[in-house]
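Participant: In case you want the letters, here they are:
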Amino acid sequence: MKELARRSLGPAALLAFLGTMVLGLFVTPRDEVQGNLARLLYIHPAEAWIALYVGFGSATIASILYLWPRTRSAGMDVAAEASVEVSLIFILLTLLTGSLWGRPAWGVWWVWDARLTSTAVLGVLALGYLALRRATDDPQLRARRSAVMAILSAVNVPIVHFSVLWWKTLHQGATVFNPGLKLKVHGIMAETMLLSFVAFTLVFAWLVRERYRFGMTRVQRQDEVLAEAVANRQQEGIHS
Amino acid sequence: MLVAAKDLRIELRSRVLLWQVVPFGVMALMLTGLAMGPNSQNAANLAPGMFYLVLLFVVILTVSRAFAIESPVGTSQSTKMLGLDPAGVFLGKASAIFLQLLLVGSVLLLGAATLLHIAAGVVLHALPSVVLALGGLAITGTLYGALTSGISGTTTLLPVLALPAFAPLLIAGERAFTSVALHQSGLRWLLLLILVPVVYTAVGILLYGVVEE
Chain A
6 MKELARRSLG
16 PAALLAFLGT
26 MVLGLFVTPR
36 DEVQGNLARL
46 LYIHPAEAWI
56 ALYVGFGSAT
66 IASILYLWPR
76 TRSAGMDVAA
86 EASVEVSLIF
96 ILLTLLTGSL
106 WGRPAWGVWW
116 VWDARLTSTA
126 VLGVLALGYL
136 ALRRATDDPQ
146 LRARRSAVMA
156 ILSAVNVPIV
166 HFSVLWWKTL
176 HQGATVFNPG
186 LKLKVHGIMA
196 ETMLLSFVAF
206 TLVFAWLVRE
216 RYRFGMTRVQ
226 RQDEVLAEAV
236 ANRQQEGIHS
Chain B
5 MLVAAKDLRI
15 ELRSRVLLWQ
25 VVPFGVMALM
35 LTGLAMGPNS
45 QNAANLAPGM
55 FYLVLLFVVI
65 LTVSRAFAIE
75 SPVGTSQSTK
85 MLGLDPAGVF
95 LGKASAIFLQ
105 LLLVGSVLLL
115 GAATLLHIAA
125 GVVLHALPSV
135 VLALGGLAIT
145 GTLYGALTSG
155 ISGTTTLLPV
165 LALPAFAPLL
175 IAGERAFTSV
185 ALHQSGLRWL
195 LLLILVPVVY
205 TAVGILLYGV
215 VEE
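Chains as they are written, first to last, in the working numbering: chain A, 6 to 245; chain B, 5 to 217.
Calculated from the structure, these hints are not laboratory results.
As the structure is a prediction and not an experimental result, all values here were calculated from the model.
Be aware that one or more of the hints could be misleading.
As the list claims (entries may be wrong) - From the derived model, a few chain B residues whose C-beta atoms are all more than 10 Å from chain A:
#1 8
#2 68
#3 81
#4 183
#5 194
Stated by the list, open to error - Covered stretches of chain B, as calculated for chain A (at least 3 residues, CB under 8 Å):
#6 146–153
#7 204–215
What the hints assert, rightly or not - Here are some chain B residues the structure puts well away from chain A; computed CB gaps all over 12 Å:
#8 5
#9 12
#10 19
#11 27
#12 30
#13 76
#14 87
#15 114
#16 119
Ideal placement from N, C-alpha and C gives every residue a C-beta, glycine not left out.
Work out the full structure: start from the sequences and follow the hints.
Facilitator: Rendered as structure tokens:
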């Protein structure tokens, strides 16, 4: 069952993604005011959902579990790293698609808007997390410090979320996760947008799982190399 | 207190703050004045932002220095052998950095008032927000300083990690300062200047031991 779920994750993600594309490009109507530009609605909010909440949420949970002595394992550290790496990709995609919308709508590729700026800061923090991981070869030191860094970075997520409420911003308020949780789109447009959330969540899960498998293989390989080196050293000791 | 006193005593003896950090800050302020051109109105409008930008670089230098004094072999181990509570060590280091920043911040504020043409009344009214911002920067900087200490590339890694984290304090500090200059209420910015350090202090008290482990 577990193997079936593992094997079907990739195809399910691809299917949901294709479904979103077909509905978003060919089935949903043009927006009365924004025309085809509104079709970015079917990817941009879902990317932001992954980048902020799913990605940093899972990285923070994995980091807390790593720091908690009872649940501490290399797997938690690798899961946190995988989540931040994939999150960073989604942050960049969020900023890119936001810019693509901003140019025709606002007349510029970038504005110093609270939502845009705080998202970009979160991206730099994610880069910093990855830089910190590459600054030391000691696996335990790396895991401990990057876990703390992930938790510190997560402090920024509420700032990004509430930025549209706290400051006067050009960026519109939340379409889905607003205080009343009331969807601001309806009909086939709402259904397509919700499908995009499912699709991008599946894509995130698939990418993180693959990255996790790669990371765990690397950890196991390092353990094997270390064990081999110790065994060789012991052999040398016996012979000498 | 023990850790703060130790750090301040080392600083007093080495005088790195006085001979290196303060001159750097003043020089950076002068360069911002040169970069903005001779229009004094332009300089006065941009002065709060420029002051905070220079302050951030000074914080990076001060935090770097605060953790560099732990780098000689055996220094951090001997501190650990004292059996001090990690939360106490965190608060002690943050206090020492805060006191140093108060000193440099005062010099920079005077420099900004003179070089960037900020009215003395505005400086006085903005003082509480500057002190709050310095406290927040000291606490946040201490956490990130600890995260990057003792690993390769500390000097380049610290700004990469800390500067984005300083962003909320930079925005709140600059807005609070500008609000004073424009005779507007800067209360919500002051609240942010209180909230951010409170969150980082809580995280620091909980996690500093893990970082130093």
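Participant: Determine for every hint whether it applies to the structure shown.
Facilitator: Do the hints match the structure? See the list:
1. 8: holds, 22 Å
2. 68: holds, 15 Å
3. 81: holds, 15 Å
4. 183: Non-interface label on residue 183 of chain B holds, nearest chain A Cβ at 14 Å vs cutoff 10 Å.
5. 194: holds, 14 Å
6. 146–153: Our answer is that it holds, as 4 residues pass the Cβ test (under 8 Å) against chain A, meeting three.
7. 204–215: Answer holds; 5 residues pass the 8 Å Cβ test.
8. 5: Correct as stated: the minimum Cβ-Cβ distance to chain A is 25 Å, above 12 Å.
9. 12: holds, 26 Å
10. 19: holds, 30 Å
11. 27: holds, 29 Å
12. 30: holds, 28 Å
13. 76: holds, 19 Å
14. 87: holds, 20 Å
15. 114: Non-interface label stands for residue 114 of chain B: nearest chain A Cβ at 29 Å, farther than 12 Å.
16. 119: holds, 25 Å
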